[in-house]
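Going down the list, the protein sequences come from chains E and C.
Residues 16 to 294 (my numbering) are what the first sequence spells out, left to right.
Residues 2 to 266 (my numbering) are what the second sequence spells out, left to right.
By construction, these hints were calculated from the structure, which means they are not laboratory data.
Using N, Cα and C, we set each Cβ at its ideal position, and we do this for glycine too.
Please note that a few of the clues may not be correct.
[Unchecked claim] Calculated cross-link-like contacts (lysine to any residue; reagent style SDA-like; alpha-carbon spacing at most 25 Å):
1) Lys80(E) - Tyr228(C)
2) Lys175(E) - Tyr228(C)
3) Lys34(E) - Glu217(C)
4) Lys236(C) - Lys238(E)
5) Lys14(C) - Ala149(E)
6) Lys66(E) - Ser15(C)
7) Lys29(E) - Phe213(C)
8) Lys80(E) - Met223(C)
9) Lys236(C) - Ile133(E)
10) Lys34(E) - Ser47(E)
11) Lys236(C) - Gln150(E)
12) Lys14(C) - Phe65(C)
[Claimed, not checked] If you anchor each label on the Cβ, the simulated ranges turn out as follows:
13) Gly144(E) - Ser142(C): 32 to 38 Å
14) Lys149(C) - Lys192(E): 50 to 56 Å
15) Thr46(E) - Lys148(C): 45 to 51 Å
16) Ile202(C) - Trp286(E): 55 to 61 Å
17) Gly192(C) - Arg35(E): 57 to 63 Å
18) Glu280(E) - Ser62(C): 52 to 58 Å
19) Glu189(E) - Val70(C): 25 to 31 Å
20) Ile77(C) - Arg129(E): 28 to 34 Å
21) Lys68(C) - Ser157(E): 27 to 33 Å
22) Asp42(E) - Trp242(C): 57 to 63 Å
23) Lys149(C) - Arg129(E): 43 to 49 Å
[As the list claims (entries may be wrong)] Stretch-level coverage of chain C by chain E, calculated; a stretch enters the list once three of its residues show a Cβ under 8 Å from a Cβ in chain E:
24) 69-76
25) 167-177
26) 211-219
27) 223-235
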Amino acid sequence: MEEPIIEISDLSFKYPQQKREALSHLDLTVTSGEWVAVIGHNGSGKSTLAKLVDGLLVPETGTVKIAGVSLTSETLWDIRKNIGMVFQNPDNQFVGANVEEDVAFGLENQGVPREQMIERVRSALESVGMWDFAQHEPARLSGGQKQRVALAGVIALRPKIIIMDEATSMLDPEGRKEIIQLIKNLNQKNGFTVISITHDIEEASLAERVVVIDDGVLVQNDKPENVFQRGAALIESGLDIPFSEKLKNEIKNYGIEVPQEYLTEKGMVDWLCQFISKK
Amino acid sequence: MNKVILGRYIPGKSIIHRLDPRSKLILSFYFIVVIFLANNWQTYALLSFFTIMSVFMSGVSFSFFLKGVRPLIWLILFTVLLQVFFSRGGTVYWQFGPLSLTSSGVINGSYVFCRFVLIIFMSTLLTLTTAPLEIADAMESLMGPLKKIKVPVYEISLMLSIALRFVPTLMDETEKIMNAQRSRGVNFGEGSIVQQIKSVIPLLIPLFVSSFNRAEDLATAMEARGYRGGEGRTKYRVHFWRLNDTLACVVFAFLTVILLGLRNW
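Given only the sequences and the hints, what does the whole structure look like? Please build it.
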């Protein structure tokens with residue numbers, strides 16, 4: 016489990032029309048089966064990173080290695096088979112005319128025989144709980160359902176890595192929770208490596224590791240508790256802090272001594288109970 | 002926008018719904034050609050009977066077919082009146098200058114009317130009982146031989162199916178932009194023609210720009226899912242030619258034979 020699946024070294028990228036580098040000299044390693052959240056404010060280079068990893072963009076300098084193979088124009092299509100991506104806008108990534116056809120699209124591209132395709136489409140849709148909607152057209156689905164279909168399309172391809180490029184940002188809280196729960200299952204039960212690029216701090220706090228990017232530079236790469244401990248600094252770089260941190264700050268304003276380290280929601284509840292019972 | 006009958010598909014489980022889209026497409030075109038062979042009232046009666054039977058078999062409410070005729074009614078009436086008043090020959094009932102009402106005029110007029118209505122009914126039947134995507138599939142399959150002369154059949158069909166899939170999405174978006182502009186004071190469909198055309202611009206440009214964004218997103222998503230062009234792809238959606246399709250062709254062949262017999266009555 017400890018072998019690295021993504022190795023990025025000295026990665027830089029600049030968009031043609033812009034002066035500033037979108038990413039500069041980034042190094043990052045992700046081990047197999049890990050869930051990494053990438054956070055950063057708008058325009059910090061998160062999505063660019065995802066596209067570079069999938070070979071949708073060509074870097075200026077540096078290398079990307081996926082499962083030991085470095086990404087070049089020759090290895091591109093083989094590497095892409097290891098990576099499944101879910102994008103932000105649920106409408107714009109729906110290729111098929113209905114749910115099952117959309118899930119089958121990636122399989123069709125790989126030339127999977129039809130009998131096998133039927134089986135894989137079905138099991139992928141069942142795993143996201145959308146099999147009952149197999150015949151539905153995209154216009155009849157909600158945003159969250161469309162994202163679940165997009166996720167099924169990725170699962171059907173059986174990649175090693177799933178990249179969620181702000182996949183929950185256009186969803187309502189309910190749909191967001193469902194998708195996050197699905198990712199969690201995929202990561203823990205099925206052993207997929209997950210990279211989730213997100214604005215949602217609650218989603219990031221569930222990850223095993225959080226990578227903070229600011230203006231194309233990797234600022235921090237650590238466990239969520241260590242990242243969120245920097246509360247004020249995070250807010251300064253245009254990010255948010257989890258609800259439990261906010262609560263802690265509010266309590267602090269009343270002159271009550273609070274623990275320095277980051278507390279999860281459960282940790283916060285425990286601390287509050289202890290604090291009250293001590294009184 | 003609800004008046005558009007084209008591409009309006011009514012899901013159902015009738016015999017006609019279950020036919021292979023290829024056979025439906027071929028036979029509908031064939032029928033339109035056959036209509037032009039009819040030349041007397043017996044042949045028109047036969048074709049009308051046949052069309053009405055097909056409509057009944059589809060199980061789709063008759064009002065949908067009338068809706069299909071409605072947008073073309075002025076064209077039909079205009080053509081019919083032209084036929085009625087400008088044809089010569091047969092008994093003359095009434096005459097005024099170049100206008101004349103003759104028996105052959107009345108007959109020709111009613112033939113033209115029948116022809117129009119039958120063509121519209123048959124094509125409506127095709128679009129009502131076949132999902133747009135099935136029609137796209139049928140076209141791809143029928144265009145297959147054109148691959149030999151380097152026609153990009155696969156690309157055309159992918160374009161068609163993506164276009165069809167985005168029709169409702171873009172309709173929704175049009176509605177949204179219209180409402181957004183209305184809430185900022187744009188009046189659609191009011192004032193002089195020049196003003197009306199000008200008021201379309203704040204609708205058209207945002208729609209155009211967002212289509213570009215959509216296209217870009219879609220292309221990225223397709224590429225990320227391994228799309229590399231038509232080569233080496235398998236197909237998830239396939240159609241099977243069944244016994245019913247062969248039977249339908251046989252029925253049409255019979256129809257043609259009877260029609261040719263009645264033609265020279």
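Right, here's what the structure says about each hint:
For the hint pairing Lys80(E) with Tyr228(C), the CA-to-CA distance comes to about 22 Å; that is within 25 Å, so the pair holds. Using a Cα cut-off of 25 Å, the hinted pair Lys175(E) and Tyr228(C) holds, with the two alpha carbons roughly 18 Å apart. Distance check on the hinted pair: Lys34(E) and Glu217(C) sit about 23 Å apart at the alpha-carbon level, within 25 Å; holds. Distance restraint check for Lys236(C) and Lys238(E): the Cα-Cα separation of roughly 44 Å exceeds the 25 Å cut-off, and the hinted pair is therefore not satisfied.
Between Lys14(C) and Ala149(E), the direct Cα distance comes to roughly 18 Å. Compliance with the 25 Å bound is thereby established for this hinted pair. Proximity of Lys66(E) to Ser15(C) is assessed by CA-CA distance (about 48 Å); at most 25 Å being required, the pair is judged violated. Using a Cα cut-off of 25 Å, the hinted pair Lys29(E) and Phe213(C) holds, with the two alpha carbons roughly 22 Å apart. Restraint check for Lys80(E) and Met223(C): satisfied, since their Cα atoms lie roughly 22 Å apart, inside the 25 Å limit.
The straight-line distance between the Cα atoms of Lys236(C) and Ile133(E) is roughly 11 Å, inside the 25 Å bound, and the hint therefore holds. For the hint pairing Lys34(E) with Ser47(E), the CA-to-CA distance comes to about 35 Å; that exceeds 25 Å, so the pair is violated. Distance restraint check for Lys236(C) and Gln150(E): the Cα-Cα separation of roughly 17 Å lies within the 25 Å cut-off, and the hinted pair is therefore satisfied. For a cut-off of 25 Å, the pair hint linking Lys14(C) to Phe65(C) stands: about 17 Å separates their Cα positions.
Restraint check, Gly144(E) to Ser142(C): a C-beta distance of roughly 34 Å satisfies the suggested window 32 to 38 Å. In this structure the hint that Lys149(C) and Lys192(E) lie 50 to 56 Å apart at CB holds, the actual value being about 54 Å. For Thr46(E) and Lys148(C), the hinted distance range of 45 to 51 Å is satisfied, since their beta carbons lie about 47 Å from each other. Range check, Ile202(C) to Trp286(E): about 60 Å between beta-carbon atoms, so the 55 to 61 Å window is met.
Roughly 47 Å separates the CB atoms of Gly192(C) and Arg35(E), a value that falls outside the hinted 57 to 63 Å. Separation of Glu280(E) from Ser62(C) is about 56 Å and conforms to the stated range, judged on CB atoms against 52 to 58 Å. Under the hint 25 to 31 Å, the C-beta atoms of Glu189(E) and Val70(C), about 46 Å apart, miss the expected range. The given range of 28 to 34 Å is broken by Ile77(C) and Arg129(E), whose C-beta atoms sit roughly 46 Å from each other.
Range check, Lys68(C) to Ser157(E): Cβ separation about 30 Å, and the 27 to 33 Å hint holds. A C-beta distance of roughly 58 Å is found between Asp42(E) and Trp242(C), which places it inside the suggested range of 57 to 63 Å. At roughly 25 Å, the beta carbons of Lys149(C) and Arg129(E) sit outside the given window of 43 to 49 Å. Beta-carbon proximity to chain E at under 8 Å applies to 0 residues in the stretch 69-76 of chain C; the threshold of 3 is not reached and the given coverage is violated.
For the stretch 167-177 of chain C, the stated coverage by chain E is satisfied: 3 residues place a CB nearer than 8 Å to a CB of that chain, which reaches the threshold of 3. Coverage of a stretch by a chain is defined here by at least three residues with a beta carbon nearer than 8 Å to that chain's beta carbons; for the stretch 211-219 of chain C and chain E the count is 4, and the condition holds. Look at the stretch 223-235 of chain C against chain E: 10 of its residues bring a Cβ nearer than 8 Å to a Cβ of that chain, three or more, so the hint holds.
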